[in-house]
Each structure stands twice: as structure tokens, then as C-alpha cells.
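Please take these sequences and the hints and turn them into a complete structure.
Our numbering numbers the first residue of the sequence shown as 1 and each following residue consecutively.
Because the hints were derived from the structure by calculation, they are not lab data. You can take every hint at face value.
Calculated lysine to aspartate or glutamate pairs in the DMTMM-like style (CA-CA distance at most 25 Å, straight line):
(1) 155 - 133
(2) 185 - 121
(3) 185 - 52
(4) 185 - 135
(5) 64 - 48
(6) 155 - 177
(7) 43 - 61
(8) 155 - 128
(9) 162 - 133
(10) 185 - 91
(11) 155 - 52
(12) 162 - 94
(13) 64 - 38
(14) 155 - 51
(15) 159 - 128
(16) 64 - 40
(17) 155 - 98
(18) 155 - 91
(19) 185 - 139
(20) 159 - 135
(21) 185 - 128
(22) 159 - 94
(23) 155 - 139
(24) 185 - 148
(25) 155 - 48
(26) 162 - 91
(27) 43 - 21
(28) 185 - 94
(29) 185 - 98
(30) 159 - 133
(31) 43 - 116
(32) 155 - 94
(33) 162 - 98
(34) 155 - 29
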Amino acid sequence: AAMADGVLRFIAMPGGTTRTEFRVSSTAENIATFSNPEHDSPKTITYEMTDDALVATLDRDTAKPTRFVYSMTGAPYIAAIDQADRTFAADTLERGADGFMAHVTPTGFTLNRQGEVVTGDALRAMWDALTTENEVRWEPIHSRVSGDLGFTVGKATFKHRKTGVVQQTTTYCTIWERQADGSWKMRFDTGRLVNAVTPR
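Okay, structure coming up:
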């Protein structure tokens, strides 16, 4: 999540516990490290994308790092969530908040700029305001699946309906959860501002 100051953060809530914030401390191609020096353990979390897995390493530069490997397999399912994301975008463009919420799980959520969880009616209200003012378009550029979870990342634009001016462009990440009927719905969604129009 990116807050109002533009700093990318990783919010940890293991088992639904109190949120702990880690700020990005370094990035390179396919790798990012998030740090919180005041946290007891871990103090750093590093994510690295390989050809076939997402690798998370806790306290990477210590004598005893902890490593988790999330294997990314299942090409048919990758195609399925890629299409689910495109349908999600098309329905939101056509039906606004109704279209958006049709693709969200009952507990689906995002975070606002203050890092607060937004879900349910508040999530609908957020997207009602966004889609009333803007044409929101997005498209995935990468997707992976592991078991019943997957993710898509891509780019989005927000074009003001009255002026026709693109107000902002963003990147986004959506976490998808496979439902009992085999469909995919949004469990978590976040974006990061890339460029914004400065009002004159």
C-alpha cells in the first residue's frame, strides 16, 4: 500500500492480529525489501519473484533467516484470473460500483491512504465516488496462481468524465480467491500512484 506520502508499505496482520507496518527500504529488479527496525522480529521482509515462485525471506541478512517459497503453478488458472481481472475492469467501467462489487468476496477489502481497512458498504461508497467522477480503466500485465489464491498486477487510468483529462495513472495489485463454484473473486486490492494531474 502507498500512503499520502508516496512511500510503499507492507502491512502485516498475521492471523488477523494488530497491523504492523514495514516501509520499503530497497528495491531491485524482481525484489523488494520492507523494514521496521523497531519491530522485535522480523525486522525485514524481502520478497523476490523468480521464474516459478514468490520467495519471502524474513531477516535475510541475519545468521538465521527464515524463508518461505510460494510455488506459482497452474497455467489454466493463470489464464482464468487474468480473464477474471479483465471482466472485473469491464463490469466496473460499465456499471460503476455495482460492477465492482459483483467481483468482490464478502470479506474483500482495500486500504485507504491512512492505512485503514475499507470493506463492505464503505468499499462500495468509495468506488461509487470514484466511478461517478471518473472513467476507470485497468488491464493486467502479469498474473500468477498458487492453490486457491492468485494475483494480478497491472496499470490503471482515471479519466475525468466532464473534462476528459486523465487525472491519474496507477499500478495495482489484486489478490484473487477461488470460490466454491470455480470462479475467482477479489479478496484484496491496492494501488500505487504513478502520475497525477496538478490542478491549475
